[in-house]
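The task is simple: from the sequences and hints, build the whole structure.
There are 2 protein chains.
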Amino acid sequence: MDTKAVAKAFTSLCAKGEMDAAGQKFWSDDVVSLEAMPGDMARIEGRKGVLGKGEWWYANNQVHESKVEGPYVHGNQFLVRFTMDVTPKGGARTKMDELGLYTVSNGRIVEERFFYAGE
Amino acid sequence: MDTKAVAKAFTSLCAKGEMDAAGQKFWSDDVVSLEAMPGDMARIEGRKGVLGKGEWWYANNQVHESKVEGPYVHGNQFLVRFTMDVTPKGGARTKMDELGLYTVSNGRIVEERFFYAGE
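Chains A and B, in that order, give the protein sequences.
At position 76 of the first sequence (counting the first as 1) the number is 76 in the working numbering, and the numbers step up by one without a gap.
At position 65 of the second sequence (counting the first as 1) the number is 65 in the working numbering, and the numbers step up by one without a gap.
Heads up, a few of these hints could be off.
Where chains are identical, the list cannot tell them apart; a pair therefore holds if satisfied intra-copy or between any two copies.
For lysine to any residue, the following SDA-like pairs were computed, each having C-alpha atoms within a straight-line distance of at most 20 Å [unchecked claim]:
hint: 1; residue 1: K4; residue 2: M96
hint: 2; residue 1: K67; residue 2: E98
hint: 3; residue 1: K53; residue 2: S28
hint: 4; residue 1: K53; residue 2: F114
hint: 5; residue 1: K4; residue 2: A42
hint: 6; residue 1: K95; residue 2: E69
hint: 7; residue 1: K8; residue 2: W57
hint: 8; residue 1: K67; residue 2: I44
Keep in mind the hints are simulated off the structure, nothing from the lab.
In structure tokens form, the structure reads like this:
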């Protein structure tokens with residue numbers, strides 16, 4: 001599959017709420033997941049670790065509503081926008097506005113890098 | 001200025017419709033502008049060329065309405081979303097949905113890479 005086909009199939013699964021299935025289908029074994037924050041979540045390597053990150057997130061956040069836009073494609077990369085209405089465990093309900101930048105190689109996602117709107 | 005400060009100032013000018021001023025202020029002399037299409041516009045190098053690209057675009061497209069969202073920051077990169085209602089010269093009125101990925105070095109934009117939604 002080329003990047004455009006991966007982008008469409010991945011985004012389509014995300015839009016159905018099947019984020020884990022999307023990852024399971026397209027992450028490479030040595031996928032790297034990058035967050036713009038200090039700490040343990042800043043860089044996670046490997047399919048198992050990235051899957052665990054997703055499980056942790058869903059166990060610690062209640063999603064009331066979510067919207068998926070994209071994909072936006074350029075070369076071997078694509079972007080997906082996630083806007084979510086969530087309540088983190090023990091926290092206040094909030095709106096998240098996030099973009100994932102995915103890099104594809106040989107039909108697999110080898111890197112995901114997340115960008116947040118802020119201030 | 002760090003990436004976050006550049007991102008905020010650049011996006012704020014874009015939101016006022018001052019795209020050229022934003023570029024003039026933040027492009028490095030050797031900025032590279034990348035489009036996901038074949039042809040002359042695929043890769044333009046240098047401040048003068050990139051400015052010319054913008055001038056060409058505005059001369060050939062009538063913008064009825066535009067919306068700017070962002071910035072979304074990660075490390076030395078940031079994203080800005082542009083949604084526009086435009087009529088290209090001699091063409092049909094259409095909606096554009098585009099994301100610019102900007103890479104910052106020493107307080108200047110050294111690369112801009114555009115991603116489009118759609119088939």
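Handout entry: Unsatisfied constraints (hint numbers, rising)
Key = 7 and 8
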